[in-house]
Structures are given as C-alpha cells and as structure tokens.
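Number of protein chains: 2
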Amino acid sequence: MDKAKFTKNMTGDRYQVDDLFFSRLMDTARTKVIPYQWEALNDRIPDAEKSHAVANFKIAAGLEKGEFAGCVFQDSDLAKWIEAAAYSLMWHKDEKLEKELDDIIDVIEKAQMPDGYLDTYYIIGGPEKRWTNLKDNHELYCAGHFLEAAVAYYQATGKRKLLDVLLRLVDHIDARFGPEEGKLKGYPGHEVIEMALVKLYEITGEEKHLKLAQYFIDQRGQSPLYFKEETERNGNGFYWKNSYFQYQYYQAGKPVREQTEAVGHAVRAGYLYSGMAAVARAAQDESLLEACHRMWDSIVNRRMYITGQIGSADYGEAFTFDYDLPNDTAYAETCAGLSLVFFAQRMLQIEQKGEYADVMERALYNGTISGMSLDGTRFFYVNPLEVLPEACEKDQIHRHVKVERQKWFGCACCPPNLARTMTSIASYAAASREDAYFQHLYLSGTAKAKLNGVEAEIQLTSGYPWKGDIQVEIRPEKPVAFTYAIRIPGWCQHYELKVCGAPFAGEVKDGYAYITREWQPGDRVELTLDMPVETVYANTAVREDIGKVAVQRGPIVFCLEECDNGRDLHKVYLPEQPEFEAKFEEGLLEGVVTVACGGYRLEGEESGALYTTRKPAKFVPAQLKFIPYYAWTNRTPGEMMVWIRQR
Amino acid sequence: MDKAKFTKNMTGDRYQVDDLFFSRLMDTARTKVIPYQWEALNDRIPDAEKSHAVANFKIAAGLEKGEFAGCVFQDSDLAKWIEAAAYSLMWHKDEKLEKELDDIIDVIEKAQMPDGYLDTYYIIGGPEKRWTNLKDNHELYCAGHFLEAAVAYYQATGKRKLLDVLLRLVDHIDARFGPEEGKLKGYPGHEVIEMALVKLYEITGEEKHLKLAQYFIDQRGQSPLYFKEETERNGNGFYWKNSYFQYQYYQAGKPVREQTEAVGHAVRAGYLYSGMAAVARAAQDESLLEACHRMWDSIVNRRMYITGQIGSADYGEAFTFDYDLPNDTAYAETCAGLSLVFFAQRMLQIEQKGEYADVMERALYNGTISGMSLDGTRFFYVNPLEVLPEACEKDQIHRHVKVERQKWFGCACCPPNLARTMTSIASYAAASREDAYFQHLYLSGTAKAKLNGVEAEIQLTSGYPWKGDIQVEIRPEKPVAFTYAIRIPGWCQHYELKVCGAPFAGEVKDGYAYITREWQPGDRVELTLDMPVETVYANTAVREDIGKVAVQRGPIVFCLEECDNGRDLHKVYLPEQPEFEAKFEEGLLEGVVTVACGGYRLEGEESGALYTTRKPAKFVPAQLKFIPYYAWTNRTPGEMMVWIRQR
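Going down the list, the sequences are from chains X and D.
Heads up, the first sequence is in the numbering used here, so the first residue is 1 and it goes up one at a time.
Heads up, the second sequence is in the numbering used here, so the first residue is 1 and it goes up one at a time.
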C-alpha cells in the first residue's frame, strides 16, 4: 500500500452541499430528526416510550436520583445524536443547538468516573460489575459511539471538553485491554470502537490509539475464545447456544484474517469490516486489507440486496448464506445498509475503485434512506423488498416486517444513525489527497480542497439522480496541476465526458476518469450519463429472484406499490421487452421520477379451485407504475414489490 | 339430514386388504413401527431419548417408584400405540402382541384413581391440581386417545377391560364438565375427545356420551372464555399472548358455529372439525354440519397443500391466511394431514361426495405417508414441498424443516398416528349402509358387508395407484338388489365403467357412479381410469406457486430430487407443453412410477455478478426425473421440489 495514494474524506465545512436530492434529507435530519430526538432523549415526547438516555447521564452525574433505565446500550443513542448534531453544525451554525450540546457534554463529563470509565448502565447499576460481559453489554460499543461523537464535535467546533472525556475513557480502556500480562484479552461484542479509534488516531496521531484498534481487531476470535471464557467465568448467558451462528454471531468464531465470508449480525459485521478497513489504511496492513477484500467480495457478490442492503434474516438480524436473499422476510436493517456505506467509504480511502462507490451509492440512494419517512417523523428498522400486509400481520416469519414506518423507538439505533449519515453526507461524496480530488458521488455543491498546495473550489451542478447531467467548475486560486478524478458509475453503459468543451481521451481506470492537467480558474468538466430505465437481473443462484427483474434508472431502484398498481402484485408480469417511460413528477413524493410500463397480470378464474389442470386463465394487460423504492409507503400503505416476474 | 343415508366405515376384519400400495405400509406399521414403538415406550431403545410412557403408568399404578417424566401429553403415546396395535389384530392375529396389550391394560387399570381419573402426569405429580389447566395440560386429549384405543381394542378382541376403565373415566369427566350448576365450563385445549366420544356412543348407545361430545364442541369459544378465566384463576401462563392467534390457536376465539375459517394449530383444528362432523352425524345437527362445510371449504379451497397437507407455518404449527402456502417453510405436520383424513372420512359418512374422498386420497397417498421412511424406521413431523439443505441448516425460518427423516422422538405424536391410520386403512377405503356399498378408495382386497340383509363379498383388484385398472367382483350369498357406488376421482378426466361387461349408463352424482341392480354372485364391475401425467396449476392467488406447475399422475404428486436432477432445483423449468413419460420402476423406492420429461435449466454466467442488466445466459436443455413425493429423501438426501417453474 502506498500511503500517498490514500484519500481523505470531505467534511461538511469543506463541501457546502446544495443538492436536489440530499439537501432535502440533510435538512430533514437537521430540522426534524435532531430536534425530535433531543426531545425523545429527554423523555419529553408525550405518548412515546421513554428513552431515559439523558436521565441516565444525569443520574450517573449525581444531578438526579434514580435507577438506570432503557437498553444496556442506551448511552449510544445520546452519542449518535451528538455526532449527528455536530456534523450539522459544520454546515449550519446553530447557537441554540450548540448550547444544548455543551450543556449535555457538561453532564457527560460529570458522569465520568474518576478513573475515566464512562457507561451509565454500570456507573448507576454497579461499577464493580463493569467489563464482565463484553459479549453482550455494549460498554465498548457505547465508548465507540461517544468517541465518534467527540471527534465530530471537536472537528465541528474546536471544543475539546468531550474529546478530553473520551481521551480519559480511552486511556482507561487501554489500561485494561491488551496483550500485556494482567490485561483483559477481550474485545467488543458489538463493534464500532475500532473505526472510532482510527478517527481518534487521525486527530491525536498517538500510536496507542491505533494500537488499541488493532488489538481489538486482531484479538477477535483468537483461541482460547474470550467470549466463551468470559461467559463461563462470570456466569453470563449465551443466547446463541442453540443457533447456527454460535460465536460467529459476533464475528468471533475465528480470527478475522481467517474468516472467508460475511457472517452473523449484519450491523456488527459491517462495523467490524469498516474498522478493519480503517486500521488497514492507518497501519498499512496488507493482509488485513486482503481480509477486507474477502469480506467485500462475500457481501457485494453474494449477500447484498439490490437496494444496497444486507442481513437476510430476522433471526440474529444477520447474514445467512450465499445467494440467500429473500425479499419478503429480509431484515435489511437501516443500520446494516449504513454499515456497508461506512465500509465502502473506508475501502475507497485505500483504493479508489468505482465498485466501492457504486455500492455506497446503491445503499445511500435506496435501502438506507428508505428507513425514514419523507417528512422525517417515522422510521423503519427493517427494509423489505416485498411486502404483503396480511402476511406481516398473520404470519410470524413476516412479523418483523412493518407495512408502515413506526414512530420513534425506545431503543432507537436506526434513526440517529441515518441522521448522522445525512448530516455528514459530504464525507461520502468526495475525497482528496495531495495531488488529486476524487468525486465519488455527484452531490451538487461547492467543495474546497488544497491540491498540490493550492486552494481550489470545485463546484458541481447536477440534476442527479433524476438527470445524468453533471457540470463541474474548477476554480483554483491560481493555475495548478492536479488530477480531478470523477467516477463513471458501474450502472452506466454510455456516457460522454468533456473537459473544457473537448472530449476526454485520457485514462479511465477502475471506474474513475482521471483528468490530469493544469487547471485554470473556471475550467469545466461535463459528464453526461445516459440514464435509461433498465431491467436488472439477479444472478440465477438467487432463488427468490429467478425469473424476475428489477427496474432501475441511474442509481435509483424502483418498486411497485399497491396504491398505484392494485392488489396481488405477485400476479404482475413485465413483458420480455418492456417499454419504459420515465417522467419527473414534481408534486409526487417530494419530487421523483416515476416509471410507467405496459405489463400484464396473470389472472385466474374468479373464485377458482385451489388446484386445477386447467391453465390459469390469461395474461391481462395492465398499466404499471413504478416509484423509487426509497419512497415507498409514504402514501396509502399496502403491498410493495421490487422484483417483478417477467414473461 | 336423512339418517338412513349415513354410511358406516369398514373395519379391518371386514376388509381384508391385499393392496399393492397400502399392504406394504400396513405391514411396515405392524412389523416395524408397532414393535419399535413398544420398545421405545418401555425405554428399551439404546441411545434414544426415553419415552417414560410405560414407566409413568407403572409409577402411577404403584408398581414402580419414581417421578413423572416426558411431555405433559406423554400418556397419549401409549394410547395411540394400543390403538394402532388393536387395529392390526383385526387383520393379523398375534398372540404375543395381544398378551403385551393385556398386560399393559392391567397396568393402566391399576393406575386409574378410584374416582375414575386417569392421567399419569397428575396422578404422580399431584392430583389436587388436576383439571386446572385444560388449555395446555392435555388431560382431555389423553383421555380422548385412550378412548379411541379402548374402542379399537374392544372391537378387535371383544375384551372389555380397557373399555370399562374408559367408561369410568368418561363418567368422571361427565361429572365434572357440563352446563349444570357447579360443573366446570371447560373443554380441551387439544381436541380429540369429541370424535372419540362419538365412537364410544356408537358402541354404548348412551346419550350421555354423545351429549358430552356436544358439550365440548358447543362450549368452545363461548363467552366468558373459559381458557381466559382459567388462566387468571389458576395463574397459568398464556404462550400466545403476543401472537396473532390469541385463543384462536385453540380454535376458541369464538363459538365453533360462528367461525368462518380454519385457524390456529392445524392438528387441533383438524381434530375439532372431525369431532364436529362426528357429532353432526350422530346428532343430526344441520347447523353444525354447516359449520363443518365452512371449515372444509376454508381448508380445501384456500389453505391446503397439493399434498393434502395443512398448516402453513412453523409458529404455532398453524394455519396462517388464505392462499398462504409457502413450500419451503411449510409445517404440514404428518398429524395435520392425518387430521384432514379423519375430517374427510367423517364428512363422507354424512354426505357421499367425491370431494371428501378426493382430499382423503390426496392426503393418504402423498403428504401423510411422506412422514415415514420406506423402511419404517425414520419419521418426519414436517413435510415440506421444497427443501434446500443449506437453508435448513443456516436460516432459522427453515430450521424446522429436516432434510432427512429423524429417528424416534421422545415425544412422538406423528409416528404412532401414522401407524394407527395405516393399520386401520380399510376404514377409509369403503363404507356401507343398509342399501349401498361405497367404494371410496381403490384398495385391493376383499370386503364383507351385509346389504339389504344379505351378506356379500366385494373383491377389488387393481394396480392402483400406478395403474387405473379397477376390477370388482361382487359375491352375495344369494342374489340381492343394492347399490354399489364407486367413486370417480376428481383428478380423472376420462374413464370407462362397465358393469358385467356393458357400459354403465346410470347415474354419476357427486363423484360416485351409483350402480343399482340385483347382484348375482360373480357380477363384475370394471372401472378404467385414464391416468396420464398432468401438470397442475395452483390458483393464481397462491403467491408461492404462481408461474409454476406440479406434476401429478392419478392421485400421486411428484417431486424432483437433487439425486436425480442435480443441485439448484430452482433453476429447473418445464416447457410449456411438457412431454412426460411415465414408467414403473420395480427396483426403485419399493416400486414406484417415475416420470421423465425434457426440461430446462436457467443457467447464468459462471461466477457472474450478483446484479446485471445482461439477461442471464440461457435455458439449457435438461432431462428431468420425477419421483412420487411421498418417497422423497429415501436415497441420498438433498434438494427437493414439488412446484416447478414453467416457461
């Protein structure tokens, strides 16, 4: 690995986004989700299950009396809120919000134990029991999320208080975990601290922070198995005793470098792989990168939904096996799709390959943002690709699938996760290194980057994802040579690329066009992506999708909804050569492109027999209307279907 | 209802079966299952989970010391064994077996409490708690099975000891349950005693026996709900508190005459409906018969697998909703298919309609006998219509589906249920009334019936189900006029019927040809059923089967197995006009007809992408081989599939 080739993600203060698509989501996160969650964290929402998260910290800080309440990982909800809010401050100053943050950070500081420990579940419930159940009790997980929050808030405001709290916590953890004699040989049951420690390392430059991340990654799954010993030593339960997973639920069945497939709880897995990629980059660890490649390959070539989602099963919220991608019983947790985004983002920092950005885009435009209603008030954990309301009500294996997004949850992992991703969307859109700027996503807005020593503005203007027109204007403070690398999406079969009006004839490699020249202020790059509506086929190994197609246009995956197409969507067939017509509907679903197509319904005889040797009556012509998948069930709830039968 | 039109089922001593198909199953039950189960009930099988059933009775009888062990309904295993063995004695004398039966009946008698109560769980564990949890503790269920056993043993041997034990138990129950002041207003959590009491009533003629059955049926689901009151009164748990079912798991959500669809635990439901039909006939209760019609319609027109199986879901081993018939996650318990046979048999006694016999035949030749290996040593609870071994191992929602039949279970409801059905198969094949003999199934053998006062032998000879040739010779002791009614199967589109060599020109009504004449000894009826291989379509409302066909020949449903057709059966397609070739293979699977057919496999590119806009490569011709469904996984275990995609 050549460290000089690593890229650094944009942050919101360096990429002022003004995007047709994501600005709405960013604003929804900022103006709806963050304020609502703050009320929720403070137990001020009438008729909602209480969060207790802020109360727990006040109790731990000695400011209030009471018992810990909520999930064992309740602290992380507050952490993710702080992180989401911090990112929003990078692109939208808000004194009231910053004051709220400072106030709660004061409380957090007071809650911290003198030795640096910070987890209200144990501080309130009995610190003598801390670190006795790493497998299930999420202390390192909460620490990881607070670390991410602290880094974000420090980056957004320059204020160190939360960061200092976290540095003390990390020192506490570092003193307790590691290869040295007398230290615990453990690692988190739910990963996230690994990638968080690398973020910290990037700020502090302290090797011990990277080393701790490395330790957690390399110790995982080593023999003797820590989780097994811990369970026996402390009399902890083991929920997965009779499961297929065993310790692979926690990705701990073997050392990560020996693992060959994405396994277990999908969010944990995605976070682990993100941490592995972060460490591989920071430590220039080739063999760990190889392990990342294996996991990436396992996911995107055999275990990922077309919506960029992962986690085929409700049981364990987990991966199952290759090509097992049921549409109607999928788990596809909002957080799981996000974990894949985090993984992709970190792989892109190491290797600028379009396949990473393609997957990141697939998840960000489809199966993750589907987790939030258009008005930002309701949320999905589970993002199915096919829904029959009656099944969700009456059949247990579909009961985790909801027909409508739900109000805030008591234990709300997904909504703040989505919020923090939306408020930091700029970090996914582009990255730069000394000599080059990489445009991963076509996010309209103006970025600032120092390229070969010269500050430059890079302004992107586009109607993406509804249009394939991408105009870039590059404005260095003075003429400077660098590479502007723009992604050519994997979904695009035909495109035109012009540089200052002339057809580009340079290198296109691994999904990026590398435009290297001396840039003059006002130089323009124009990329035009053909964006026809296309039918997508799944690998024939995918049982649930054989004989079916999905409809995609650009990065957007479409679906049929009952409110447009009637009931019994399983009877709908597309013709072999569908004639699609796409149109932008401004008034629909906050403005979307819809796709119309002539198709069929396979209709049987009215009240016919259950079984018959007579062929079911006929293919009846039917006009079909597809909407973007992410926007489903924002109107009248009903059936939904992504993979459609084809004649 | 015209009572004179009711039929009476054959018994084994009146129908000596010598059938190509069922004689093997009868002999397997008699020579393998019954002896093996006797060893199992006595805990004499090395390396097998102990049954404890006999031990429990010896402890209850004071013959041994110990605690109750096994399931709360463990007694019923012994009861079903006695019943199965008793039926076998009707057609195969066996002094050793009869001695074993007499000995254990002595023990049972000793175990009975002075007041008539009989259930070892409570006799050993605390009689003061008896009748406090009708909902879950199966006392009436065990009583019902013992009642069936007692009636069978009395009919087989004329010995009254067990019958007298049961008469005392029934008196005990009758004294405790009923509408009278001071009696419990309860009914069984698991039905079976209803139909058993009708069997008893047919022997004793005592109205109180019928009345008790009527009470249990009519009290079920009445307000205030007994199960709810009982749960609150006695602090019992309610497992289905958070379920969709609620009390409908027990078919107790409302009175049975108000229920409109088959619901809840499928075996319980099937037993209830059988009891309802039995009572409707015995009591000539028109409105109860209407309720039976509704349940029948709900099952066979919307909730039954093509194999004659019921129970779409593992959760609750239960019905789900209309047209929800998943093939790979089906529960389709062996006992559930049998319960449908019992229901059909009782409906046939009331109304001689071919649709009842068609369903009974469908279940008996397909989805019930699939529950036993050809050698009678291994058993399925769950009879799926599609199996992918990797899913059964790695995905929780498929884990109830087994790739191979299992050895005897500690709590073994299905194997003895199948055994008792096989040893009493004659009772399903034919029935008679004063003036008519009904041939429901084409079981080769010789029946004896008194028809209009004259004893007649009716001998049926056939190669069924492999051949459609059915010859009947009628031998009355002297010429006598009566109706010989022979079923014309619903699956048969063309047939030829001759009576004494002349084409039959009389009435064919509701699936039966009514041949009424003065029969001379040696008169012959010849029925020839065309038995082409056919493709069967499911109602297009069945999501899992749309675009697919099943292969059927005569009453036999076929399947593809991996060992004949390779892996990835989901890639297999049948052509629109398949050319089937059926042949009998004597050496295969104890002799079966197999079906060959040219088809296709939809093969993608080798190690292709997960998603692509390129159409998956090609339909590659493939030679397909189908075997009868019931015989699957008797060779190398692997994938199996009933519903096949069609181009």
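What the hints contain is simulated information worked out from the structure, not anything from laboratory work.
Since the structure is predicted, the reported quantities are computational estimates derived from the model, not experimental observations.
Among the hints, erroneous ones may be present.
It does not matter which identical chain is used: a pair holds within one copy or between any two.
Straight-line alpha carbon distances no greater than 20 Å define the calculated DMTMM-like cross-link-like pairs of lysine to aspartate or glutamate that follow [as the list claims (entries may be wrong)]:
no., residue 1, residue 2
1, Lys448, Glu64
2, Lys625, Asp285
3, Lys50, Glu576
4, Lys32, Glu534
5, Lys5, Asp435
6, Lys183, Asp115
Tested hints:
no.	hint	in the structure
1	Lys448 x Glu64	neither (46 Å within a copy, 88 Å between copies)
2	Lys625 x Asp285	neither (49 Å within a copy, 53 Å between copies)
3	Lys50 x Glu576	neither (52 Å within a copy, 59 Å between copies)
4	Lys32 x Glu534	neither (35 Å within a copy, 60 Å between copies)
5	Lys5 x Asp435	within (9 Å within a copy, 96 Å between copies)
6	Lys183 x Asp115	within (16 Å within a copy, 68 Å between copies)
Violated hints, listed in ascending order, are 1, 2, 3 and 4; each of the other numbered hints is respected by the structure.
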